[in-house]
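Those sequence lines, one after another, are chains A and B. For the first sequence, counting from 1, position 19 maps to 19 in the working numbering; every step adds exactly one. For the second sequence, counting from 1, position 110 maps to 110 in the working numbering; every step adds exactly one.
Worth flagging that the hints you see were computed from the coordinates, not collected in a lab. Just so you know, not all the hints are guaranteed correct.
[To be verified] Subject to a maximum C-alpha distance of 35 Å in a straight line, what follows is the list of computed DSBU-like cross-link-like pairs (lysine-lysine): (1) B/122 / B/108; (2) A/24 / B/24; (3) A/108 / B/114; (4) B/71 / B/52; (5) B/67 / A/71; (6) B/122 / A/108; (7) A/24 / B/52; (8) A/122 / A/71; (9) B/71 / B/108; (10) A/67 / A/108; (11) B/122 / A/52; (12) A/122 / A/108; (13) B/114 / A/122; (14) B/71 / A/52; (15) A/122 / B/71; (16) B/24 / B/114; (17) B/24 / B/67; (18) A/114 / A/67; (19) A/67 / A/52; (20) B/24 / A/108.
2 protein chains.
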Amino acid sequence: MIGRLNHVAIAVPDIAAASDLYRKTLGSDVSAPEALEEHGVTVVFITLPNTKIELLEPLGEESPIAKFLEKNPDGGVHHICYEVDDIIAARDRLLASGARVLGSGEPKIGAHGKPVLFLHPKDFNGTLVELEQA
Amino acid sequence: MIGRLNHVAIAVPDIAAASDLYRKTLGSDVSAPEALEEHGVTVVFITLPNTKIELLEPLGEESPIAKFLEKNPDGGVHHICYEVDDIIAARDRLLASGARVLGSGEPKIGAHGKPVLFLHPKDFNGTLVELEQA
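Next up, chain A with everything else stripped away, as it sits in the complex:
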């Protein structure tokens, strides 16, 4: 069911410093920061040959990553995103297996403009999993 690893998202306290680290120290291709107000994050994309790393910095008071950074002030891996062909079929298969989908259970439009769902970390080895319809 799951396909490519679309991205690994790393929450960071300072996206300018983290961008510098990936650009200069690790020698990667790092995009300019984009403020995604409706998602409560500023994001940069690090393009690797086979997938992407996304750095996320909280934006605004309702940022969904604010609590994560309170608990992990240095930052850390926030979620991993797998691609699926059909997000409704994927959701229904997951629900039938007893896995919990976060929120209303209806896909939302994610940071890449595509339908996404998040799965409960307790059901996936302590890992927040995003599914994105590719």
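Starting from the known structure of chain A, fit chain B onto it as the hints suggest.
Just chain B, lined up with the frame of chain A:
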């Protein structure tokens, strides 16, 4: 400098249950478990079209992931591994930039039979980073 994302490693308390989850619920290609006594882990490889997920379960009393699982009993993302062409050149560049390499600073032979180094999570946004000479 860094190339492909070689794998994301997820520490899990029960590798049989986690394998079942990835095989049955997420519909992935999951290998049989391999006990790597010299690394203190039992590992399974989940093959995605563009990269791998590795599930790690502690093996033996000196397992390097035992403490992580004490702190994160459900499991969680333990490290991410980037490929480099030349691990000595990569190490020297990192050290010159002030980043800390764990252990003696000399590459060890990792779980895939290739030279690896681990970088200090405090220097990489709270994320344990493995470099593997591809």
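Evaluated hints:
1. Note on residue 122 of chain B and residue 108 of chain B: the hinted pairing holds, with a Cα-Cα distance of about 21 Å set against a maximum of 35 Å.
2. Taken as a hint, the residue 24 of chain A and residue 24 of chain B pair is broken in the structure, with Cα atoms around 41 Å apart against an allowance of 35 Å.
3. For the hint linking residue 108 of chain A to residue 114 of chain B, the alpha-carbon distance of about 41 Å lies beyond 35 Å, and the restraint is violated.
4. Taken as a hint, the residue 71 of chain B and residue 52 of chain B pair is honoured in the structure, with Cα atoms around 25 Å apart against an allowance of 35 Å.
5. Between residue 67 of chain B and residue 71 of chain A the alpha-carbon distance is near 18 Å, which keeps this suggested pair within the 35 Å criterion.
6. Distance hint between residue 122 of chain B and residue 108 of chain A is fulfilled; the C-alpha atoms sit about 33 Å from each other, no more than 35 Å.
7. A threshold of 35 Å between alpha carbons decides the hint, and for residue 24 of chain A with residue 52 of chain B the separation of about 26 Å falls inside it, so the pair holds.
8. Proximity of residue 122 of chain A to residue 71 of chain A is assessed by CA-CA distance (about 17 Å); at most 35 Å being required, the pair is judged to hold.
9. Simply put, residue 71 of chain B and residue 108 of chain B have alpha-carbon atoms about 26 Å apart, close enough for the 35 Å limit, and the pair holds.
10. Between residue 67 of chain A and residue 108 of chain A, the direct Cα distance comes to roughly 21 Å. Compliance with the 35 Å bound is thereby established for this hinted pair.
11. Annotation: proposed proximity of residue 122 of chain B to residue 52 of chain A holds, straight-line Cα distance about 21 Å (limit 35 Å).
12. For the given pair, residue 122 of chain A sits about 21 Å from residue 108 of chain A by alpha-carbon distance, which is consistent with the 35 Å threshold.
13. Restraint check for residue 114 of chain B and residue 122 of chain A: the C-alpha separation of about 33 Å stays at or below 35 Å, so the hint holds.
14. Between residue 71 of chain B and residue 52 of chain A the alpha-carbon distance is near 28 Å, which keeps this suggested pair within the 35 Å criterion.
15. For the proposed pair residue 122 of chain A and residue 71 of chain B, the alpha carbon gap of about 14 Å is at most 35 Å, so the pair holds.
16. With a C-alpha separation of about 31 Å, the suggested pairing of residue 24 of chain B with residue 114 of chain B holds against the 35 Å cut-off.
17. This hinted pair checks out: residue 24 of chain B and residue 67 of chain B have alpha carbons roughly 29 Å apart, not beyond 35 Å.
18. The hinted pair formed by residue 114 of chain A and residue 67 of chain A meets the criterion: a straight-line CA distance of about 25 Å does not exceed 35 Å.
19. With a CA separation close to 24 Å, the supplied pair residue 67 of chain A and residue 52 of chain A stays within the 35 Å bound.
20. Between residue 24 of chain B and residue 108 of chain A, the direct Cα distance comes to roughly 25 Å. Compliance with the 35 Å bound is thereby established for this hinted pair.
When the structure is compared with the earlier hints, violations turn up for hints 2, 3 and for no others.
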